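Chains A, B, C and D, in that order, are what the protein sequence lines are.
Each position in the first sequence, counted from 1, maps to that position plus 339 in our numbering.
Each position in the second sequence, counted from 1, maps to that position plus 339 in our numbering.
Each position in the third sequence, counted from 1, maps to that position plus 348 in our numbering.
Each position in the fourth sequence, counted from 1, maps to that position plus 348 in our numbering.
Bear in mind the hints are in silico, worked out from the structure with no lab data behind them.
Among the hints, erroneous ones may be present.
[Claimed, not checked] Label-pair ranges, simulated between beta-carbon atoms: (1) B:K625 <-> A:T577: 42 to 50 Å; (2) A:P423 <-> B:V462: 23 to 31 Å; (3) C:I554 <-> D:N549: 25 to 33 Å; (4) C:E476 <-> A:V522: 45 to 53 Å; (5) D:M400 <-> A:I514: 54 to 62 Å; (6) D:R553 <-> B:M553: 35 to 43 Å; (7) D:M400 <-> B:M553: 50 to 58 Å; (8) A:I514 <-> D:R457: 50 to 58 Å; (9) D:K361 <-> A:V522: 47 to 55 Å; (10) B:E540 <-> C:E478: 47 to 55 Å.
None of the values given here were measured: they were computed from a predicted structure.
For glycine and all other residues, C-beta sits at the position ideal for the given N, C-alpha and C.
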Amino acid sequence: MIDKISFLLIEGFRNLWRHKLTASTSIFSVFLTLFLIGILIIVGQNSHYPIEYFRSKYKIEVFFNNDTSDAQEKIIIEKIRELPEVRSVTPITKKDAVRIFKDQFGEDVVKMLGYNPLPGSAVVNINKDSFEQVNLEPLIEEIQSLNGVDIVRYQGRLISRLERFYQMMINLLKISTGMILLVSIVVISNTIKLTIYTCRELIKTLQLLGATKMFIKVPFILEGIFQSIIGASLAFFTIFGLMKVGNHYLPQLVTLRIQLDLYFGIGLLIISVVIGFIGSYRAVSKFL
Amino acid sequence: MIDKISFLLIEGFRNLWRHKLTASTSIFSVFLTLFLIGILIIVGQNSHYPIEYFRSKYKIEVFFNNDTSDAQEKIIIEKIRELPEVRSVTPITKKDAVRIFKDQFGEDVVKMLGYNPLPGSAVVNINKDSFEQVNLEPLIEEIQSLNGVDIVRYQGRLISRLERFYQMMINLLKISTGMILLVSIVVISNTIKLTIYTCRELIKTLQLLGATKMFIKVPFILEGIFQSIIGASLAFFTIFGLMKVGNHYLPQLVTLRIQLDLYFGIGLLIISVVIGFIGSYRAVSKFL
Amino acid sequence: MIAFNDVSYFFSKEIGVKDVSFEISHDEFAFLIGPTGSGKTTIMRLIYMDLMPDEGFVTVGGISSNKIKKRKIPMVRRKIGMVFQDYHLLSDRNIFENVALPLHMVGIRRDEVRERVMNMLNELDIEEKEKKKPFELSGGEQQRVCIARALVKEPEVILADEPTGNLDPVAAHDLIKLLENVNNEGTAVFMVSHNYNLIKNRGHRILEIQMGEIQNQ
Amino acid sequence: MIAFNDVSYFFSKEIGVKDVSFEISHDEFAFLIGPTGSGKTTIMRLIYMDLMPDEGFVTVGGISSNKIKKRKIPMVRRKIGMVFQDYHLLSDRNIFENVALPLHMVGIRRDEVRERVMNMLNELDIEEKEKKKPFELSGGEQQRVCIARALVKEPEVILADEPTGNLDPVAAHDLIKLLENVNNEGTAVFMVSHNYNLIKNRGHRILEIQMGEIQNQ
Ligand SMILES: Nc1ncnc2c1ncn2[C@@H]1O[C@H](COP(=O)(O)OP(=O)(O)OP(=O)(O)O)[C@@H](O)[C@H]1O
Ligand SMILES: Nc1ncnc2c1ncn2[C@@H]1O[C@H](COP(=O)(O)OP(=O)(O)OP(=O)(O)O)[C@@H](O)[C@H]1O
Ligand SMILES: [Mg+2]
Ligand SMILES: [Mg+2]
Chain A
340 MIDKISFLLI EGFRNLWRHK LTASTSIFSV FLTLFLIGIL IIVGQNSHYP
390 IEYFRSKYKI EVFFNNDTSD AQEKIIIEKI RELPEVRSVT PITKKDAVRI
440 FKDQFGEDVV KMLGYNPLPG SAVVNINKDS FEQVNLEPLI EEIQSLNGVD
490 IVRYQGRLIS RLERFYQMMI NLLKISTGMI LLVSIVVISN TIKLTIYTCR
540 ELIKTLQLLG ATKMFIKVPF ILEGIFQSII GASLAFFTIF GLMKVGNHYL
590 PQLVTLRIQL DLYFGIGLLI ISVVIGFIGS YRAVSKFL
Chain B
340 MIDKISFLLI EGFRNLWRHK LTASTSIFSV FLTLFLIGIL IIVGQNSHYP
390 IEYFRSKYKI EVFFNNDTSD AQEKIIIEKI RELPEVRSVT PITKKDAVRI
440 FKDQFGEDVV KMLGYNPLPG SAVVNINKDS FEQVNLEPLI EEIQSLNGVD
490 IVRYQGRLIS RLERFYQMMI NLLKISTGMI LLVSIVVISN TIKLTIYTCR
540 ELIKTLQLLG ATKMFIKVPF ILEGIFQSII GASLAFFTIF GLMKVGNHYL
590 PQLVTLRIQL DLYFGIGLLI ISVVIGFIGS YRAVSKFL
Chain C
349 MIAFNDVSYF FSKEIGVKDV SFEISHDEFA FLIGPTGSGK TTIMRLIYMD
399 LMPDEGFVTV GGISSNKIKK RKIPMVRRKI GMVFQDYHLL SDRNIFENVA
449 LPLHMVGIRR DEVRERVMNM LNELDIEEKE KKKPFELSGG EQQRVCIARA
499 LVKEPEVILA DEPTGNLDPV AAHDLIKLLE NVNNEGTAVF MVSHNYNLIK
549 NRGHRILEIQ MGEIQNQ
Chain D
349 MIAFNDVSYF FSKEIGVKDV SFEISHDEFA FLIGPTGSGK TTIMRLIYMD
399 LMPDEGFVTV GGISSNKIKK RKIPMVRRKI GMVFQDYHLL SDRNIFENVA
449 LPLHMVGIRR DEVRERVMNM LNELDIEEKE KKKPFELSGG EQQRVCIARA
499 LVKEPEVILA DEPTGNLDPV AAHDLIKLLE NVNNEGTAVF MVSHNYNLIK
549 NRGHRILEIQ MGEIQNQ
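Next comes chain A alone, as it looks inside the complex (with noise of 0.2 Å):
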């Protein structure tokens, strides 16, 4: 037992080589596709950070009602802070209005007037680390329904734009990765069946000298999961690679920051394995 399962692990490994060509265009097509699928992962795992930035820029003003007090304002505004949606809140005074004033316009509105016309306001500022679409109206509707509030102001079509933007480009890239995965078992699946076509006579000959359908079978399953993790081998050096180069340049650029690590690479092998197994499974079954 022992003696026929080493021949035919030593058989799988052979064939790579005795299927050279077969073997490196599933090889390649295996290195494509988790190439392609690494690159999503890594995409997805950096998704947040465009979005965070815009979502830090989400800036919904809260002017008060005239006649509020500061202390009015202070207790309002610790309301509002503590909605879960709001990450922070800062307030703007009736006298800090002033000095912007000031800063925009060049007058200072009290001396010319003798009192302070301007309302106080506050800037909230909202959470930033979902992967879900934030949808910002029950939280203006909530704050407006405050007392004490006069108007909130906030750039809504802006936002419900680049969330639903974002929403788009996460679900493309499940989409793709789903696909590209299935297309990659179809792939493998096809080129060992196209290997295994290519030995028909050999395996007639087995058959013929009385091999059971297992020693048949095991030297080509063995022999796609070879190839799947080669494939995934190279895909992972690859974009090891390129990280190293990408997190060297990009700093400059834009502030993504990559992260590879173990799990991706046991990922990737799993992963790999996986779609050896079945794709060589279903070619194998197709003709024997």
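We have chain A already, so just place chains B, C and D with the ligands on it with the hints.
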């Protein structure tokens, strides 16, 4: 001669059928790569929509010196309008400023002071339909240097980030398209190599029977081209179908409309024939 | 060892074998002769169950073609040493590996495999071709590799389809002698041949087939 | 038609053919005999320039192996009708297409191809197999397809490597007759055979080869 040509043409066609398995594999590969290329082309064609949208939001606010008259402001605005990067300029006269102030703060500043302390200003919108990265610095400096202009305000960092991001996307698109094209040639050529490898007995026999190189090569090359064309057609119709569906649902989501025309089809066809020819020629020449 | 019971098999109307019945006992040496296209190879394929009878049944080593499960066919074939008319050598393996294959299939130890294969190659005078690929051998040498592969597993019965077609008279005679030796050690031999001169006067049974029907036994 | 001038070809040290010289005129019928592995197929391959001599040169129809450009080799092969020891039939084409191939190569009209191929299949008694694939034929039938393919192009010389190995005595005799007819119409024939009984007493020249060297002519 005509008999020979017609024989070879028919052989090319029949090879497709004889090599069903290899043929379907390479048709599938072509389909896949051309599908990807097609999608990339379409994304590229439409990539200006989002950036144009964002660019239409770029707002450069020009504040005039307090002592410039409305007439002087008009002249400056004309000058700005004539700058090549500028699409439109919306003047905000001192009077408009008063109205805006009233809208914002609920007070009539002229009534309060007896005179208008607010300076005139203008909002500059820039040309949005460029595939190039837009760099606002020179424009800003130019406007700043005009006589009578006090300060120029714009969302510098946000804009330059957006523009860099956009430029990166465009570059990524170009690189990906190039890589995919290359890859597809390699894949086709590999698959045809496989086909030929599967047929090495046949080729040997043909050679022994006195076939010239051309006689052996032509059917394989034709086969490769046919495969490519079939793959390209499949890709075209799939993309076409997806577009139909996409155009049906997209308008409700975002304002990108997708264009797909005859040129696109012809382009794919030409690409496919070129890929098929180069791929199969490479492969055949390797073995003969 | 082998029994045909009113076996018919048709590739198409008129083409195939009809109502074939005969028996070969476990220590017999029998020839099958007949003109080209008369159905000799078809009979062989029915024995190793590459074809299944349309009518009647074939029994090999006690296993009958109408009862056997598909999964069990390899077990029947392992009892049979087959010399195919078209060799069926594996072109991507060398001679040693080709001959060793039936032994690996039944899980024999590597060193024992080596010993038995080399003995067999020696016996057939092709030991120096051990490392060559089939296409590097002459027609007759390939045929002998095929014979070595059939004999190496020490089968219960040897089926040889035209095993002397590419052998010169001396080599052909040597082969018959070798098969007779194997037969004396208790292995049944059933051999197809056109070469009537080679097989006559050896005292073995001769079956004749014509147009798919056995003529005399 | 064919001339060997001190030709040597070595696959490896000791293995191959040595100092072979002989001539076959344009209307001759000659046999080549010799034991398995003696170099008969190697001689044939040298003639159709599948192998190029290491020493000496081979002349076929006035074209010499040491002067010919690689591009021109197909032209030599078109003059030769070859029956290969291992048939070399195209497994994915039917019998008709296999036999028609040499005619398509030289650009003959479809209807003429059809006529000539069917005549040839008739002559060799395999016309009803026209639409079958090679694997659907018996060994002897395949061999006759290979012969048909060699004859159909009406070559200047016919090389036949063991063309009777899978034929029964009657069919083998018929084939020799057929080749003699073709020879009478002015085609040279050079045939390898093991079957000395078949070829003796026919009044044709017999070349003998042993261990790569021609023994007597
Ligand atoms: N797979 C097949 N499909 C269709 N017909 C076949 C097939 N195999 C064989 N035949 C036909 O069956 C008949 C008997 O074939 P078989 O191979 O048994 O002949 P044979 O006696 O072995 O001949 P030979 O001496 O030439 O090898 C022949 O007419 C052949 O054409
Ligand atoms: N491609 C090759 N590579 C190495 N050695 C070869 C090759 N082809 C033939 N040989 C060796 O050359 C010798 C002559 O071979 P050849 O095929 O000419 O013999 P033959 O006379 O045709 O024999 P047979 O009657 O068995 O067909 C043999 O020993 C064979 O093993
Ligand atoms: Mg037969
Ligand atoms: Mg030979």
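Checked hints:
1. B:K625 <-> A:T577: 42 to 50 Å: Check failed, 25 Å falls outside 42 to 50 Å.
2. A:P423 <-> B:V462: 23 to 31 Å: violated (37 Å)
3. C:I554 <-> D:N549: 25 to 33 Å: holds (27 Å)
4. C:E476 <-> A:V522: 45 to 53 Å: holds (50 Å)
5. D:M400 <-> A:I514: 54 to 62 Å: holds (59 Å)
6. D:R553 <-> B:M553: 35 to 43 Å: Holds, at about 39 Å.
7. D:M400 <-> B:M553: 50 to 58 Å: violated (22 Å)
8. A:I514 <-> D:R457: 50 to 58 Å: holds (56 Å)
9. D:K361 <-> A:V522: 47 to 55 Å: holds (53 Å)
10. B:E540 <-> C:E478: 47 to 55 Å: violated (25 Å)
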